[in-house]
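Note that the protein sequences, when read in sequence, are chains A and B.
Residues in the first sequence are numbered from 1 upward in steps of one, following the numbering used here.
Residues in the second sequence are numbered from 1001 upward in steps of one, following the numbering used here.
Note that these hints are calculated values from the structure, not bench results.
Yeah, the Cβ is synthetic: ideal placement off N, Cα and C, and Gly gets one too.
Output of the computed footprint for chain B on chain A, the stretches with three or more beta carbons under 8 Å from beta carbons of chain B:
1) 7-21
2) 28-37
3) 42-53
4) 61-75
5) 79-87
Label pairs and their computed distance ranges (CB to CB):
6) A:Leu-79 - B:Ile-1145: 18 to 26 Å
7) A:Leu-79 - B:Ala-1139: 22 to 30 Å
8) A:Val-68 - B:Thr-1134: 20 to 28 Å
9) B:Leu-1088 - A:Arg-85: 26 to 34 Å
10) A:Arg-87 - B:Trp-1098: 39 to 47 Å
11) B:Ala-1139 - A:Arg-85: 29 to 37 Å
12) A:Asp-57 - B:Met-1151: 25 to 33 Å
What follows is the residue order along each chain.
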Amino acid sequence: MVPLEHYLILSAILFATGTIGVFLRRNVITMLLSIEVMLNAANLAFIAFGRTIGSADGQVIMFFVVTVAAAEAAVGLALVIALFRHRETLNPDMFTSLKW
Amino acid sequence: MAASLLVVLGRNPMHSVLLLIVSFAALAGLYITLNSPFAAVIQIIIYAGAIMVLFLFVVMLLNAHKEDEYLAAGAPAMKKPLYFGAVLAVVLAAELVWALTRTGPAQDALLAGQAAPDARALESVRGLGLLLFTDYAFAFEVTSILIIVAMVGAVVLAKREL
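My request is simple: use the sequences and hints to build the entire structure.
Given below as structure tokens:
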């Protein structure tokens, strides 16, 4: 049985990876993927804790997180398509029309 | 697990998406070792199946194989935020590891009041469903409204002209 700390460390590393992705990448699609990685890190922590205290609540919350991730991916990708139609680029630094 | 690193570092969005599927499959394996087969199945079906197909579809639709030309063009202006992001992420990782691994005494206290984890109760999908439709019934219904709103929003946003 793997101790809880290992799952938590992996979860932290995954979350940091997602953060790096959001900050470093200049591609809207890859940034959305990085957000998915961060959500998965949170899921892993939830399930590890839920198993440790012996309750199924962690799995229920993971279920909700997955649902929210699906909704977020749908809306995010629709936005990306709309933006791409206007600007012909996926670089977020080009979407500056609203900048003052 | 290394796959998720490659997701972020890969240049081609297509490769990123495919590597993310590998990463999700590895996570599903971890969920099985955590006595949570239902979570593993959800991970495979919804994430690796549905969401990633959506991403792949968009990547192919937009034909986006060329990212970093802009980065090369505007390199000097880009340097500062890049370093800032990298430093921030490393600090965040160190902080999270530090915080999460120092839970020893608190964790013992938490476990002291609990019976030993009952693996069979955790694994049963029936128990999970009961919990979902009794204690979490309200959250479940709210989730359905959220899904409907997201669906309508996606359709409106992706229409021909805004």
